[in-house]
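Work the whole structure out from these sequences, hints included.
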Amino acid sequence: RITLENGTELVGTEDHSFLTVQDLQIVPVRGENVEEGTWMPLSRSLPEPETRTEVDLGEYVTESNTLDIREGEIRSASRVEDRYFELGAEEGRIVGLYLAEGSFDAKMTIQLSATDERIKEFLDGAGFNVYDRFCTLGFEPLAEFLATEFGRGAADKRVPNWVFEAPVPFRAGLLSGCFDGDGTIGGSVTATSKSRELLDGVAELLRQFGVSASLEDKYTTQNDETREYTRLRVDAFSIPTFAGTVDLLIDDKHEALGALVASLESGESYNAKDMVPNFGDVLNRAASDGGWNDRDGDGRSRAAALHDHTRKQKVGRETYNRAMEALDVGGRARRFGRSD
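Going by the numbering used here, the sequence shown opens with residue 0, and the numbers climb by one from there.
It should be emphasised that the hints constitute simulated quantities derived from the structure, not laboratory data. Computed from a predicted model, the values in this text were never measured in an experiment. A virtual CB, placed ideally from N, CA and C, is assigned to each residue, including glycine. Heads up, some of the hints might be wrong.
Unchecked claim - Label pairs and their computed distance ranges (CB to CB):
id	residue 1	residue 2	range
1	161	287	53 to 59 Å
2	36	257	33 to 39 Å
3	105	26	53 to 59 Å
4	224	147	29 to 35 Å
Listed below in structure tokens is the structure:
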């Protein structure tokens, strides 16, 4: 079992071949040769098959005196709703809010904690009953669907595999609901949960949109009781992409995210996470060919900086790409810095 710096876990055997980076090439490395510090590339984005567009809520309940499953609708007690739960943006947001803030009462009434007025307006429009600090919906088929597919209880919630094949608006809506509910936005973008499985799924969803995130297990002690939770942090270089993916309803979070993106794009924040590793001597050779090492040249200090990066075999992606541009380097070396 291998844990990457961003919290991703890989499982294999000593005979299993993993991938690493060496001299601008992705090459195999046997499990027995993997050690701390080995670089392992991950795809920035994942494919989007979109093979599931709706859910039949009739599959989650059985008919009774109070529940009647019809061709296109379901009557549950006095409430009649569509039988098929369309996987659109609104439905995704409802699921995301449930994952972040949802629970059920003894009669399987859906309860979502909500104090923000825009969240309340959204849920009111979706058919929920709105109260001071929470919103409720008494529709058993939807409640059973949420409990069965997404879990119940803060420590046992999850993102089921079929969600990764749902339409883009549903997945983006789910992420929006999650971060409106459990997200914190200031100098960074984070979300916390008692369920590591849930945030593993959220991280994979983010990666489908080209957003990189890191996971970290945390512990707190209160009254001699140790509590465990997981924190997801959106990597700084992915925050602009994250902002283009989610649609946050809570004004404070929406404005904080916009300010954070502006800070990153103006260069006020340095991205120390997105690095180019194991690039061989390409920077040293390019500096030499470009005349930066000349005794009387203006580029000696820049050549020295590139030599230092070469010695460490690690350089920020933006720094690497700027050097490629300034030295007019093309081919595989340039593509390596721009690869996904």
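Comparing the hints with the structure gives:
no. : hint                    : in the structure
1   : 161 <-> 287: 53 to 59 Å : holds, 54 Å
2   : 36 <-> 257: 33 to 39 Å  : holds, 37 Å
3   : 105 <-> 26: 53 to 59 Å  : holds, 58 Å
4   : 224 <-> 147: 29 to 35 Å : holds, 31 Å
The structure agrees with every numbered hint stated previously.
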